[in-house]
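Asker: Modelling step: build the complete structure from the supplied sequences, incorporating the hints.
Position one of the sequence shown corresponds to residue 1 (our numbering), numbered consecutively onward.
Errors might be hidden in some of the hints.
As the list claims (entries may be wrong) - With beta-carbon atoms standing in for the labels, derived distance ranges:
| hint | residue 1 | residue 2 | range |
| --- | --- | --- | --- |
| 1 | ALA64 | ALA30 | 47 to 55 Å |
| 2 | SER60 | ALA22 | 57 to 65 Å |
| 3 | THR44 | ARG23 | 30 to 38 Å |
| 4 | THR57 | LEU14 | 55 to 63 Å |
| 5 | VAL34 | TRP66 | 45 to 53 Å |
It is worth saying that the hints were derived from the structure and are not from the lab. Glycine included, every Cβ here is placed at the ideal spot set by N, Cα and C.
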Amino acid sequence: MVTEPRDEAVAAALKAVAAAGARMAVPESADRIVARGVRRRHRTVAAAAAVAVCVLTSTSAIAALWLRPDPLPTPMAPPPTLHGSSPAPGSSFPLSGSFSTNPARSGSTASAPGSPTPTETPTGDASPSSGTTPPTGSPTP
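Answerer: Right under this line is the structure:
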């Protein structure tokens, strides 16, 4: 294989440029190299600390949500009033008369509608009485 004069000229020019670049290159001082290494270590430690803080914070938040007590259930309806004749708002059954917490002091016994009186005894019979009709499946208009 015969080399052409043009390829030899390009090779010689590249060798001259490489030699000039080698003469101009000055190695960096050791102090600057050490300072660059210290800065890099500081950045690495700061990034690791930031990641650790984020992990601990999110773990604490998850643990706090997981370990929190269940909320107290809300009552379905407010409790009935013991004094007064008006029903509580939203109450499904009306209360009549005034109730006392101590029946011996009130002079008379008051009972809620539908509850047996002291003279009545429940029979345990679930059949409807002769004066009532059993409910039907659909209302009549």
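Asker: It remains to establish, for every hint, whether it holds in the given structure.
Answerer: Checked hints:
A C-beta distance of roughly 51 Å is found between ALA64 and ALA30, which places it inside the suggested range of 47 to 55 Å. Range check, SER60 to ALA22: Cβ separation about 58 Å, and the 57 to 65 Å hint holds. Hint check: THR44 to ARG23, Cβ distance near 37 Å, so the stated range 30 to 38 Å holds. Between THR57 and LEU14 the beta carbons are some 58 Å apart, a value that agrees with the proposed interval 55 to 63 Å.
About 48 Å separates the C-beta atoms of VAL34 and TRP66, a value consistent with the hinted range of 45 to 53 Å.
Violated hints for the displayed structure: none, as all numbered hints are satisfied.
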